[in-house]
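Chain order of the listed sequences is A and B. Per my numbering, the first sequence starts with residue 7, numbered consecutively. Per my numbering, the second sequence starts with residue 7, numbered consecutively.
Be a bit skeptical, because a hint or two may be false.
If chains are identical, the list can't say which one is meant, so a pair holds when it fits in one copy or spans any two.
What the hints assert, rightly or not - Straight line, CA to CA, 30 Å or less: simulated DSS-like cross-link-like pairs of lysine-lysine:
| id | residue 1 | residue 2 |
| --- | --- | --- |
| 1 | Lys326 | Lys11 |
| 2 | Lys119 | Lys326 |
| 3 | Lys333 | Lys343 |
| 4 | Lys48 | Lys30 |
| 5 | Lys90 | Lys48 |
| 6 | Lys181 | Lys326 |
| 7 | Lys379 | Lys241 |
| 8 | Lys333 | Lys30 |
| 9 | Lys172 | Lys343 |
| 10 | Lys333 | Lys32 |
| 11 | Lys326 | Lys386 |
| 12 | Lys90 | Lys62 |
| 13 | Lys172 | Lys32 |
It should be emphasised that the hints constitute simulated quantities derived from the structure, not laboratory data. Computed from a prediction, not measured in an experiment: that's the story for all the values here.
There are 2 protein chains.
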Amino acid sequence: MSNIKIGLFGFGVVGQGVYEVIRKSKNAHAEIAKICVHDLSKPRSVEVDPSLMTDKAEDILNDPEINLIVEVINNADDAFSIVKTALEKGVPVVSGSKAMLANHLPELIELQKKHNVALLYDASSCGSIPVIRNLEEYYDNDLLLEVKGILNGSSNYILSRVFDHKEPYESALRKAQELGFAETDPSFDIEGYDSLFKLVIITMHALGTYVAPEEIFTYGISTIHDSDIQYAREKGVKIKLVAQVVKVNDEHFTMFVMPEFVYPSRYIYSVDDEYNGVVIRGECYDRQFMFGKGAGSLPTASSILSDVMARLHGYRYEYKKQNYLQKPDYTTDITLKIYVRYSETNIQHVLDFESIHEQYISAESNYVIGEIKLSELIAKREKLRAKDLFIANIPIFFLDRDN
Amino acid sequence: MSNIKIGLFGFGVVGQGVYEVIRKSKNAHAEIAKICVHDLSKPRSVEVDPSLMTDKAEDILNDPEINLIVEVINNADDAFSIVKTALEKGVPVVSGSKAMLANHLPELIELQKKHNVALLYDASSCGSIPVIRNLEEYYDNDLLLEVKGILNGSSNYILSRVFDHKEPYESALRKAQELGFAETDPSFDIEGYDSLFKLVIITMHALGTYVAPEEIFTYGISTIHDSDIQYAREKGVKIKLVAQVVKVNDEHFTMFVMPEFVYPSRYIYSVDDEYNGVVIRGECYDRQFMFGKGAGSLPTASSILSDVMARLHGYRYEYKKQNYLQKPDYTTDITLKIYVRYSETNIQHVLDFESIHEQYISAESNYVIGEIKLSELIAKREKLRAKDLFIANIPIFFLDRDN
Numbered sequence: 007m008s009n010i011k012i013g014l015f016g017f018g019v020v021g022q023g024v025y026e027v028i029r030k031s032k033n034a035h036a037e038i039a040k041i042c043v044h045d046l047s048k049p050r051s052v053e054v055d056p057s058l059m060t061d062k063a064e065d066i067l068n069d070p071e072i073n074l075i076v077e078v079i080n081n082a083d084d085a086f087s088i089v090k091t092a093l094e095k096g097v098p099v100v101s102g103s104k105a106m107l108a109n110h111l112p113e114l115i116e117l118q119k120k121h122n123v124a125l126l127y128d129a130s131s132c133g134s135i136p137v138i139r140n141l142e143e144y145y146d147n148d149l150l151l152e153v154k155g156i157l158n159g160s161s162n163y164i165l166s167r168v169f170d171h172k173e174p175y176e177s178a179l180r181k182a183q184e185l186g187f188a189e190t191d192p193s194f195d196i197e198g199y200d201s202l203f204k205l206v207i208i209t210m211h212a213l214g215t216y217v218a219p220e221e222i223f224t225y226g227i228s229t230i231h232d233s234d235i236q237y238a239r240e241k242g243v244k245i246k247l248v249a250q251v252v253k254v255n256d257e258h259f260t261m262f263v264m265p266e267f268v269y270p271s272r273y274i275y276s277v278d279d280e281y282n283g284v285v286i287r288g289e290c291y292d293r294q295f296m297f298g299k300g301a302g303s304l305p306t307a308s309s310i311l312s313d314v315m316a317r318l319h320g321y322r323y324e325y326k327k328q329n330y331l332q333k334p335d336y337t338t339d340i341t342l343k344i345y346v347r348y349s350e351t352n353i354q355h356v357l358d359f360e361s362i363h364e365q366y367i368s369a370e371s372n373y374v375i376g377e378i379k380l381s382e383l384i385a386k387r388e389k390l391r392a393k394d395l396f397i398a399n400i401p402i403f404f405l406d407r408d409n
Numbered sequence: 007m008s009n010i011k012i013g014l015f016g017f018g019v020v021g022q023g024v025y026e027v028i029r030k031s032k033n034a035h036a037e038i039a040k041i042c043v044h045d046l047s048k049p050r051s052v053e054v055d056p057s058l059m060t061d062k063a064e065d066i067l068n069d070p071e072i073n074l075i076v077e078v079i080n081n082a083d084d085a086f087s088i089v090k091t092a093l094e095k096g097v098p099v100v101s102g103s104k105a106m107l108a109n110h111l112p113e114l115i116e117l118q119k120k121h122n123v124a125l126l127y128d129a130s131s132c133g134s135i136p137v138i139r140n141l142e143e144y145y146d147n148d149l150l151l152e153v154k155g156i157l158n159g160s161s162n163y164i165l166s167r168v169f170d171h172k173e174p175y176e177s178a179l180r181k182a183q184e185l186g187f188a189e190t191d192p193s194f195d196i197e198g199y200d201s202l203f204k205l206v207i208i209t210m211h212a213l214g215t216y217v218a219p220e221e222i223f224t225y226g227i228s229t230i231h232d233s234d235i236q237y238a239r240e241k242g243v244k245i246k247l248v249a250q251v252v253k254v255n256d257e258h259f260t261m262f263v264m265p266e267f268v269y270p271s272r273y274i275y276s277v278d279d280e281y282n283g284v285v286i287r288g289e290c291y292d293r294q295f296m297f298g299k300g301a302g303s304l305p306t307a308s309s310i311l312s313d314v315m316a317r318l319h320g321y322r323y324e325y326k327k328q329n330y331l332q333k334p335d336y337t338t339d340i341t342l343k344i345y346v347r348y349s350e351t352n353i354q355h356v357l358d359f360e361s362i363h364e365q366y367i368s369a370e371s372n373y374v375i376g377e378i379k380l381s382e383l384i385a386k387r388e389k390l391r392a393k394d395l396f397i398a399n400i401p402i403f404f405l406d407r408d409n
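Pulled out of the complex, with its shape left as it was, chain A reads as follows:
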């Protein structure tokens, strides 16, 4: 059985986890041959033979002994340059860089084909939950109707503290950062971009179509307010940051990242704290629910290990769904039902609602509940970033074949 010699880029929280997990697994037949970091002098909690460390990418990329690159660095541009160079040299890569992947997937798929080389990245979406692999291999059929879930542990942790422990938002955010759940840049988590990037990757493997991040409506939780929480509690729902891709009819699908009112009967209602949960819905099999640790050093590293061992057996993604007959197209021409809380902004001046169901005005805050096109939300997205606004999706069913 061939041995895998790994060149590891990045030795932060995840990189150190990868080092630990590879050492632990007796059957991985893998070893870390070289570790490339940005700053050699930075103190690290894991002790490593100094001869393994380098700060020069070429020490890995030009080493003929190294037959697998594991890339878990933070900077998306650097990550892309490393992955591209490796693939062009015909060296397979395991990556955890969701921002890099979400922005460059079409080119990365071309590079894999052109150089007949594998790029695996299950760790990039939902840490230890095997979402990508299952969409690629097991839900490899056209019965799939929807993938919906809580894909970001940090924002979910904050919302759990706020909802279940009645903690103020600011203190919950601080706690998430202290516990290391939050990304280096917290806006990544709380503005929904982390969920967005994962959703772009998931959609590629769910429906075979790439939609660029900038084309997708993304709204986070940073402007959530006591009155929103109060409203949700009164209605018996939780507010969760939900990413979803869903077939709206046989010809079209849509996707977006938004806070959502989640009812107690839904599987994701009970996904609390830093956990992730994904619901895969299809014709015939109804809903499958996958739940686990979506982030953190060792859970993410164990997902990297799964991809490393898959390489031991020559596995690669085949992107079969790209070639499917009658593939649905992306649309934003769909109507959503939303809740908008506002104070200063004259909301009906900003947003063109199709219809208003409810309207509430008080000295403290106002809200409307109404129907609106997703395309309208995208058109007005800059204006919706106002500090006095908060938007939440009220789920409706688009295509309800089984239930």
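With chain A held as given, fit chain B onto it using these hints.
Quick look at chain B alone, frame taken from chain A:
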């Protein structure tokens, strides 16, 4: 892309589901070329071109056009004979027959190797939940510590009716049969054999070791009594029929099927009605929970479709874990903590407890809670079938690495 021509054995609930699902999927590139049934005159709810139907196995097995057998018949001996013949002829098979598989896995693995041919059977364990594929491919490493779950929808439905709806056991059993959740022989479900067969298959893919069904302690729910339910309610737990395989130390694992007191903090506590739920626990990734429809016509058929499409891409199980270094061995030399309710039987005369923690005696019923070797339960299993006894496992942790 090559077309798959399927010879289908069995046209009951699952077989008719397979027919529907294959027709629905435009990208399966598969068609059902022939259907073999036991009794051609039996009326069926799905309308099929009569020229597709036959009652002679040879019409499928000798047809050179047919390049995949899908076998979903009830009789385990007939199923084995069909699958064996097909594999010997080099024709790949997708099977849903858990009893057949659990009893013949070592021979079936040999046949696959000898004739270089694939046998896939994800539908055999937990219907639409992709347990086997994930254990084989994604949890393809030695970090795995435990697989534990509710693998039988019918007994779980009965227990849910009894616990959540306070229905008598007999009426819940009748309802399960009316709804078609129960197997043809209900003892299969309620005595734990259905769960046992699935556990044997799961263990092969979880740890790479085959343990024959008769070597495994299996105890069902048919003797459950109001006083057991009363006791569980008072303790704030539910009684669920749980199958588990768990590493007890680095050298050994154990496995058994038994009713268990499930605490509200556990993932499987909320697996109710006819659903299945599986928890996969490992070093580094802690617990992954998979939840979905474990039985029924279309959910099982959609799992068959996943295996059919996997064949389109040449997929086969590699049984890699059979070759793992330091594979743990099966042991029954472990101590469990159990609850035993009895009335006539002098239980301490029958069972050799290591220690007794609690003892309760009343006019209606008696129980003991104590520690006992699993090997002792196996040695006395015939005596434990007495109608006045009920046994439940009280979970303890064997090997707690992460938490």
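Each hint tested on the structure:
1. Proximity of lysine 326 to lysine 11 under the C-alpha cut-off of 30 Å is found in both arrangements, the shortest distances being 29 Å within a copy and 20 Å between copies.
2. For the identical chains of this complex, lysine 119 and lysine 326 are neighbours both inside a copy (13 Å) and across copies (27 Å), given an alpha-carbon limit of 30 Å.
3. Proximity of lysine 333 to lysine 343 under the C-alpha cut-off of 30 Å is restricted to the intra-copy arrangement: shortest distance 26 Å within a copy versus 54 Å between copies.
4. In this assembly of identical chains, the alpha carbons of lysine 48 and lysine 30 lie at most 30 Å apart only when taken from the same copy (25 Å versus 57 Å across copies).
5. With identical chains, the CA atoms of lysine 90 and lysine 48 are at most 30 Å apart within one copy only, with a shortest distance of 27 Å there and 61 Å across copies.
6. In this assembly of identical chains, the alpha carbons of lysine 181 and lysine 326 never lie at most 30 Å apart, being 42 Å within a copy and 43 Å across copies at closest.
7. Taking identical chains as interchangeable, the C-alpha atoms of lysine 379 and lysine 241 lie at most 30 Å apart only when both belong to the same chain, with a minimum of 24 Å there against 51 Å between chains.
8. Proximity of lysine 333 to lysine 30 under the C-alpha cut-off of 30 Å is restricted to the inter-copy arrangement: shortest distance 15 Å between copies versus 43 Å within a copy.
9. Taking identical chains as interchangeable, the C-alpha atoms of lysine 172 and lysine 343 lie at most 30 Å apart only when both belong to the same chain, with a minimum of 27 Å there against 39 Å between chains.
10. With identical chains, the CA atoms of lysine 333 and lysine 32 are at most 30 Å apart between copies only, with a shortest distance of 10 Å across copies and 43 Å within one.
11. In this assembly of identical chains, lysine 326 and lysine 386 lie within 30 Å of each other by CA distance neither inside one copy nor across copies; the values are 36 Å within and 53 Å between.
12. Taking identical chains as interchangeable, the C-alpha atoms of lysine 90 and lysine 62 lie at most 30 Å apart only when both belong to the same chain, with a minimum of 16 Å there against 57 Å between chains.
13. In this assembly of identical chains, the alpha carbons of lysine 172 and lysine 32 never lie at most 30 Å apart, being 45 Å within a copy and 50 Å across copies at closest.
Checked against the numbered hints listed earlier, the structure breaks hints 6, 11, 13; every other hint is satisfied.
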